[in-house]
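Chains as they are written, first to last, in this note's numbering: chain A, 1 to 338; chain B, 1001 to 1338; chain C, 2001 to 2338.
Quick caveat, the hints were computed from the structure, so don't treat them as lab data.
Since we're looking at a predicted model, the values are computed, not measured.
Errors might be hidden in some of the hints.
[As the list claims (entries may be wrong)] SDA-like cross-link-like pairs, simulated, lysine to any residue; straight-line CA separation at most 25 Å: (1) K2169/C / G2112/C; (2) K86/A / R1016/B; (3) K86/A / N1287/B.
[Unchecked claim] Footprint (simulated), chain A over chain C, 3 or more residues, beta carbon under 8 Å: (4) 2100-2108; (5) 2248-2262; (6) 2317-2323.
For each residue, glycine too, the CB sits at the ideal point set by N, CA and C.
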Amino acid sequence: MDFRGAHIISVNQFERDDVEKVFAVANDMEPYARRERITKALEGAILGNMFFEPSTRTRVSFGCAFNLLGGHVRETTDVETSSISKGESLYDTARVISGYSDVIVMRHPQAGSVSEFAKASRVPVINGGDGPNEHPSQALLDLYTIKKELKSKKREIDGMHIAMVGDLKHGRTVHSLSQLLLLYKNIQFTLISPTELKMPADIVGKLQESGHTVLETDDMEAGLGDNDTVYLTRIQEERFTSKLEADIYRGQFRLNQAIYTRNCQPNTVIMHPLPRDSREDANELDNDLNQHPNLAIFRQTDNGVLVRMALFALILDVADKVEDSASTVGWYTESRFE
Amino acid sequence: MDFRGAHIISVNQFERDDVEKVFAVANDMEPYARRERITKALEGAILGNMFFEPSTRTRVSFGCAFNLLGGHVRETTDVETSSISKGESLYDTARVISGYSDVIVMRHPQAGSVSEFAKASRVPVINGGDGPNEHPSQALLDLYTIKKELKSKKREIDGMHIAMVGDLKHGRTVHSLSQLLLLYKNIQFTLISPTELKMPADIVGKLQESGHTVLETDDMEAGLGDNDTVYLTRIQEERFTSKLEADIYRGQFRLNQAIYTRNCQPNTVIMHPLPRDSREDANELDNDLNQHPNLAIFRQTDNGVLVRMALFALILDVADKVEDSASTVGWYTESRFE
Amino acid sequence: MDFRGAHIISVNQFERDDVEKVFAVANDMEPYARRERITKALEGAILGNMFFEPSTRTRVSFGCAFNLLGGHVRETTDVETSSISKGESLYDTARVISGYSDVIVMRHPQAGSVSEFAKASRVPVINGGDGPNEHPSQALLDLYTIKKELKSKKREIDGMHIAMVGDLKHGRTVHSLSQLLLLYKNIQFTLISPTELKMPADIVGKLQESGHTVLETDDMEAGLGDNDTVYLTRIQEERFTSKLEADIYRGQFRLNQAIYTRNCQPNTVIMHPLPRDSREDANELDNDLNQHPNLAIFRQTDNGVLVRMALFALILDVADKVEDSASTVGWYTESRFE
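Produce the complete structure using the sequences and hints provided.
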């Protein structure tokens, strides 16, 4: 695809080359995200960071990525405060807001809303999550993390073994990640979930048609062995009809030091899209693994900044110009990245 | 008036020369708003964008205008989160906040609040809307749009025919626009509204005293003909005592392609302050006109950025310096403005 | 202490030399806060301004201070919109958010939360208020103000007489200010409060052990005389179990022009942490003193910007580099500071 001026709405847009292009630019962004260098590549540009549904982490990550490229950020954080509550159509909102910025990140609770918005927008739009539907930058950062983690272990995405654990029915992140993995070869998926929360059959079917191996189980300990990566998910209360229904599943599958040691291979990478629910009745990924070198969850969010910088740089066509306006950093920075 | 360091509180402050001055500077801002050039005229300056009442569009438009001039923006979006709820007076708020910024835009639900705030402020204040009272930058962008639209049709404001449609009793925008038009000559106003929502008599009186012609009617189709501009308004539920009362009037006057073709002149410009209510029971300006070349509603909001840049540039006395620090844009921009 | 890369969590961290260091750098920041000069010392740096409890004044003051040093600001203003409500631990929040910024200011309703957050953060954290516990930048700006005000009267902190008035039991500001004053010598404290809202005995004890004199009274007029500084406080409803309980004390101690003239020395400086409650039933500091030259309350908030700039400059180690990238201001500024 041609990233220049493109909307980023769905992982389905990407060919394998596109994904690799994003990852290559993300690598180039490291010195800026690590505060070894600063760049003014987007000095004067404005990001419209339009969050019509709360998501502090994603919002700040996108805003930070744009600032790191030298640009300004204008934000909205609340659907209540917007004209949408006065009966404004997404078409109108898009026509208006796109006159205020050079690129827009939009998050909205309704599936399909960002795509509809993008059709009317006069500037490129990145989907920051449209309800239960898509969140492409999350899928990209997940896969980018897998690639980096495996590389340090001299493995690669093609041929890897990955376990996905938890609510695989509603989990937007595991759906999108699976979609991206269709572009790769010969992967073994172990899908661990309660029977009622299994990965949708159409996704399983597509994985199998692409030549991947899929194993499904509701026995977590049996499924954990023999994997390069274990990807855990949170029970998202907001995707269920009630807290009661969510409570049935919350805390069913938990990974902690003892279970990891008993079942996983010594090199198995632990991932989670975050936030993880650390309340006692959930605790899907125990804090006793916090110091484990294979716990990649905070490297994941750090990688999110790199991937989002890469998307901005590609869409606004400055990927090759970032270095031109670069300089060294004059303030205190410590080696904050692992 | 001397714009340097001035508060912009009301359209009543302006003489015709002042309005024309704003418009001339707004014209100069076009290359920056179109992202053909960037400027650092206000690099290091801080806008205090103080919204004690929600208005995403106005807030982002002002913030974007300030960013386009190179400045920083600090914001507040919620009266609940402010000291006002702890019993702080507007005097105190103004004294404190004005120590944080170089210029303040303030929106507040109470009529007169911004004027009171400005009296205590140590920096210039722009009224971003004080409840039902004033919203001067909206009136300026409306008139600026009329001027540009008519110019492209080789007409001008003096002598034009304009219809105003909808709730002319509560509509802040039509009141302020009428006030500004007192500075011009020989205009024909056709005021189309339900009898209960007629333009206040004192405004009608002032228009007539200034030599303008005023026709009033509740028959929309009869009133639409023979106009250079039709200015539609929304039924603003928040100005009525109940949703029920607002419902009586909602959707009474609608403009769509068929009605336009049947009644309007081929060159009639369609305007609306936005947001327009696109819900079925309102739909005061139909989406079937969205591609019509005379639909100026999105050019209006684009012009809002230009007019707000002009106000900042004049108040902070950099209108003549914008070009000095200008440079070309290095990132992808498409021709996004019509 | 070594400010470079340090967390600022509590006033207990400081030795007298540290406090004086902050004040010296704050003095150097004056030309920038007065908009006589701009600096790019922190160009490219990002502040994570994380407010999990509302505080417009403190939030904007920190944000403004960072902008004045040339940096970007990313913000959060609402606990409801954050991952914390999805069961995320402070540890996780800190690990994630600290990947997005170069320094974090955090405000949170729970005592001890910011300290816990800082332990997991990979970048320096400044406590912007952790519930009833600490708010060190407020204490620093209060003491900085006292120092400047007394200096103009050719007095100094050592040996001064200060009255503290109001709710001395819950008042975080008077506790922290007292703590800082332990570092100074031979001060006379007059603590004026209702019997039920007296200064905690442990603080009184520490003041006395440090060689200070402490007088306690519930008779305001008797206590006001013979002071260099009178520090008034607000009855903070949120610190009481009910509005009713707060109402018992609200408005018990009021300072106005008549009481000031009757009791205070002509040079007595009036301070208040703001916001002051100007509602009729509270009115702890009357508006009839607004023009009084010894009313220092707005100089206090102005000084807050200087002190916060100093903290950022010291923590990020640019205090000596601010001047290197400095230039004159090209836009309109008036002498807005007293």
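Comparing the hints with the structure gives:
no., hint, in the structure
1, K2169/C / G2112/C, "19 Å, holds"
2, K86/A / R1016/B, "34 Å, violated"
3, K86/A / N1287/B, "16 Å, holds"
4, 2100-2108, "holds (count 3)"
5, 2248-2262, "violated (count 0)"
6, 2317-2323, "holds (count 3)"
In this structure, the earlier hints numbered 2, 5 are contradicted, and the remaining ones agree with it.
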